[in-house]
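Each chain is listed here by its residues.
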Amino acid sequence: MRPHLTAEDVVSDIEFELIQGAISQDELGQAIASVRRYQNKMRGDLFQQKHRRDKSIEITARQFQINDMLLTILQETVAEIQSLRLEFLRTAHLSKSAKPTYKYEPPVEKLDVVTPTQPVRKKQPLCVYTPEDFRKVENRMRPESLQVEISVRATKMPFVGAVLNRLRVIMHNLVLFYINRLATNQVVVNQTYGDYILRLMHQVQYQQEQIAMLQAQIETLRASLLTEESATDRSLR
Amino acid sequence: MSTGRPTISVIINTIDRVGPLRTLLQALEHQSYPFFEVIVVVGPTRDNTLEMLSEYGDRVRVLRCPTANLGRSRNIGLLAARGDIVAFIDDDAVPSCRWLEQIARLFVNENLDATGGAVYLAHPNNPTTQHRIGIISSLAEQIDVRSSWLEHLVPPGDGSVWVARMMGTNMAFRRRSLMEVGGFDEFFEWVYDDSDVALRLTSAGKIVHPVKEAVVYHFPASSRNRVAFTYTGKWWLQTKSAVYFCIKNGLAAGDTYRAIARRVLHLVHGHWLWYGHLWREGKLSFLQLVRMRFADICAAIVGAFLGAFLPRQLISPGSGDEGEGTQAIQLFQTNNSANTPSVDPVDGVFPLVSLPSPPLRVCLLSSAYPPDQFEGVGRHTNLLARGLFECGHTVHVIAQGEREQTAFYDGAYVHRIPLHLDRYFQYQKFSGLYYALNYSHGVYEKVRRLMLNEGIQVVDSPLWQLEGLVTAVSGILPVVLRLQTAHRQIANIQGDRDEDAYLMGEMERVFIERSTYLVPNSRAMFEAMEKLYGLTPREGRYLIVPHGVVPVPEEDIRPFDLQRKTDTFTVLYVGRLEKRKGIMTLFQAIPLVMQKVQNVKFIIAGGDNSIHDGFRHQTGMDYPSYFVKRYPSFVSCVHFLGAVDEEVLRGLYQTCDLFVAPSLYESFGLVFLEAMNYAKPVVGCHAGGVPEVVAHGVSGLLVEPEDPAALADAIVSLLKSPTKLYEMGMAGRQLLLEKFTHIQMARHFEQVYRAAIQIWHAQSPDISSEE
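Residue numbers (my numbering), protein chains in the order written: chain S, 1 to 237; chain E, 1 to 771.
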């Protein structure tokens, strides 16, 4: 019997696993993996508790969603760094194979110089992080961002209304007490993520600058090569 | 000429181990990083180490250490070193090909002061991971093997300070930093010198960062201090060093006197109990027990006294050779180094071949591999590995094992990896595919590691079990695919029609498409694959390479003795007991043979596979039980031996008169070659690649598959003609020597690998340029 699955499905799954593996092979990837394991364990422990319908579960679940999003950001950053690294290696290789007779000039209009044999290369927009971006990440990590305020709708029932309101406040406070405790713990985790993200952003920015500089060098080299070639051609003629 | 790359001084401290030292120097010829010098510090030697070293002329700087003291010997080497980095390796170890390259790359980080890589105890008898990113406390509590930096970050223990440590077998330091802390403490005659220096460097604010890679393989050899792989040794030296270490470093780290005293007592008591245990196990005599316990206590007292009152015996920071840079060192490698054949690190032998080009670094895949398993693919891979080694190449084999370990066996580094079912959960209901994908992914990860450490250039995988599929899909290296029996063929024979079998077949098709080069083992195999998977002809990308075996020496062959008086004959069958191997045809032929020739004994060697081929499901019996029930009157002349080991198999081949294997399909038929190796005539079927191995009427007879009458006739005709038995046996042996030796096979594969590497580089210029 022919199954619904095809070899192409399996190959795409293999490729997906390979991409996942590429991310988790460095130390940062392992750190992410261990945080993930820890989080999964915590999630498992919490969701196995008896009062599954407790409101705190919903809040916790949302917090986990936030964590997942943070992890995704981290992974994307790592992937970006890896692609930058490859780009960096390629650029370094190109510059190594060229004649080492250049003098470094800062990147100016010469970037657009193109040889006849060289296809026009579309310039990648630089991913520049402003201090505002860094501040945004830092702000997201603050403990206050996780604190949950009490929100009790007052009942207008006569006689028992006041008692009910008081009871509701007590119950909400109790839940909030544990939620905020959890949030305090979560802050540590978030701050770790935040630190990583900030470090990665710095690194990305640094590498971008390096690449831009190297690209400028290459373009300068190409231009000088062109000049030399044309000079040689002229002399040969 | 300054290269801008750090220069390395490789320091080897040795006493009376000329054999392993020669192997190490031989292996250093293959280092991918050339900017290094070699310094050998020879202790009070009694063998011909100095004579051997003189063969290297000025390529090796030889220094003498007057005493058998490792700490002192290391310091002598350090003082003489001129490289920016000093790398220490034991004389009984062999570095991975990119050992120094990785060390140099690590030291590009100017903050790094010391590092060390993983150490695999690679001896064939007891392989294990000896050290990987280990840590140690100020009270000598240690964890030697960790999977990552996050594991056991702060383990429980008495010591207040935990630091990363390297193993002395494989460690490297920035020379300047090591000199700043005074080098090694010369108190340490043996062991703990490495941990002590790691602690002192860390205390001095230096960065010590061991890594998982930069691998070294350790082949422990006997020395003055111990007899390798026994319990005989001067273990009290360890106790003395450990006690000294605890007191010196415990006090420096601020551990309490109570904690230090408790730890010292714990160490001595532990050794005391251990000796008692060894005595009870019969590994020590009573006299040895008493002597060792007494020596241990004395050593502990000496260690404690000197630890408390003796100042450290370090070198003064100002001393040492100040020359640095490439011009200051005498490079070890020469122009001939690149073409040096690889060396067997266990025996120290290297093939006596002259290579016109650098040897290849090949990774072979085979989940089952000797000496643990001897089935078809594993056996073929083993023979290929032996052949390649004898042609001078470096061979790595990835096989399945219970835990991660590396051994050296038959000319190849055998890396065993466990099967972790931690991926591809979506295929759990397809058990075959699920296992195959998970294992294949594990193989891919190991291949990556070997790329990093060993610089492997090509991966060679069998089609069976899709071992190299993930590697082929990843495209990180060229994958040569050995086309042998396919799952789809087996499924067709056994009538498997489930989704798992279908998907396995489909993935085989993908694997064939994604591989760089195809190596069918017979023309029939290639045609079968063309038919099965609709392969388009791959001009210049396939080569038919028949299997080869190691020819047994002439004195071991046993052609039929024409002078023999006895009229009892032995017919041998070797192979799994399953439908594809034609075991039922043989069962049906046995009564027919017995009717015509009375004194025939059938020996059937091979494990029962009735569960997997569905026979047990159909009949409720395994094959031997079926035979006993179906042919009770012939039970006495048929012997079922089950799976047998190599030694027994050799004996069976030698003692049989005729070999028979009526397989319904064989991609090649290695068993026929094995019988021909011992000059035995063979009977097989016109199936698959068998006719390409067995010359009908010359080295044996071939009949149609599933024809018991024809099979019986062929067996009878040979048994009744002793001359034919002799002549066909000898003709088979001659054919084997001409066409089917492992060296011939390896030479063909070498040609394939070089072509595959060329094709792959042409296809992926980006990747090759990055390399």
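Calculated directly from the structure, the hints in this document are not laboratory data. Using N, Cα and C, we set each Cβ at its ideal position, and we do this for glycine too. Just so you know, not all the hints are guaranteed correct.
Label pairs and their in silico Cβ distance ranges [unchecked claim]:
1. S:Asp133 / E:Val145: 39 to 45 angstroms
2. E:His761 / S:Gln205: 33 to 39 angstroms
3. S:Asp13 / E:Pro358: 35 to 41 angstroms
4. E:Ala643 / S:Glu15: 36 to 42 angstroms
5. E:Arg258 / S:Arg181: 50 to 56 angstroms
Which chain S residues face chain E? A few, computed with CB under 8 angstroms, are given here [unchecked claim]:
6. Asp133
7. Val137
8. Glu138
Results for each hint:
For the pair Asp133 (chain S) and Val145 (chain E), the supplied restraint of 39 to 45 angstroms holds, since their beta-carbon distance comes to about 42 angstroms. For His761 (chain E) paired with Gln205 (chain S), a C-beta distance near 35 angstroms keeps the hint of 33 to 39 angstroms intact. Separated by about 38 angstroms at the C-beta atoms, Asp13 (chain S) and Pro358 (chain E) satisfy the suggested range of 35 to 41 angstroms. A hinted range of 36 to 42 angstroms holds for the C-beta pair Ala643 (chain E) and Glu15 (chain S), which are about 39 angstroms apart.
For Arg258 (chain E) and Arg181 (chain S), the Cβ-Cβ distance of about 38 angstroms falls outside the hinted range of 50 to 56 angstroms, so the restraint is violated. Interface hint status for Asp133 (chain S): violated, as the beta-carbon distance to the closest one in chain E is roughly 28 angstroms, over 8 angstroms. At its closest, the beta carbon of Val137 (chain S) sits 24 angstroms from a beta carbon of chain E; the interface hint therefore is violated under the 8 angstroms criterion. The beta carbon of Glu138 (chain S) is not positioned within 8 angstroms of any beta carbon in chain E (closest approach about 25 angstroms), and the interface hint is therefore violated.
Violated hints, in rising order: 5, 6, 7, 8; the structure is consistent with all others.
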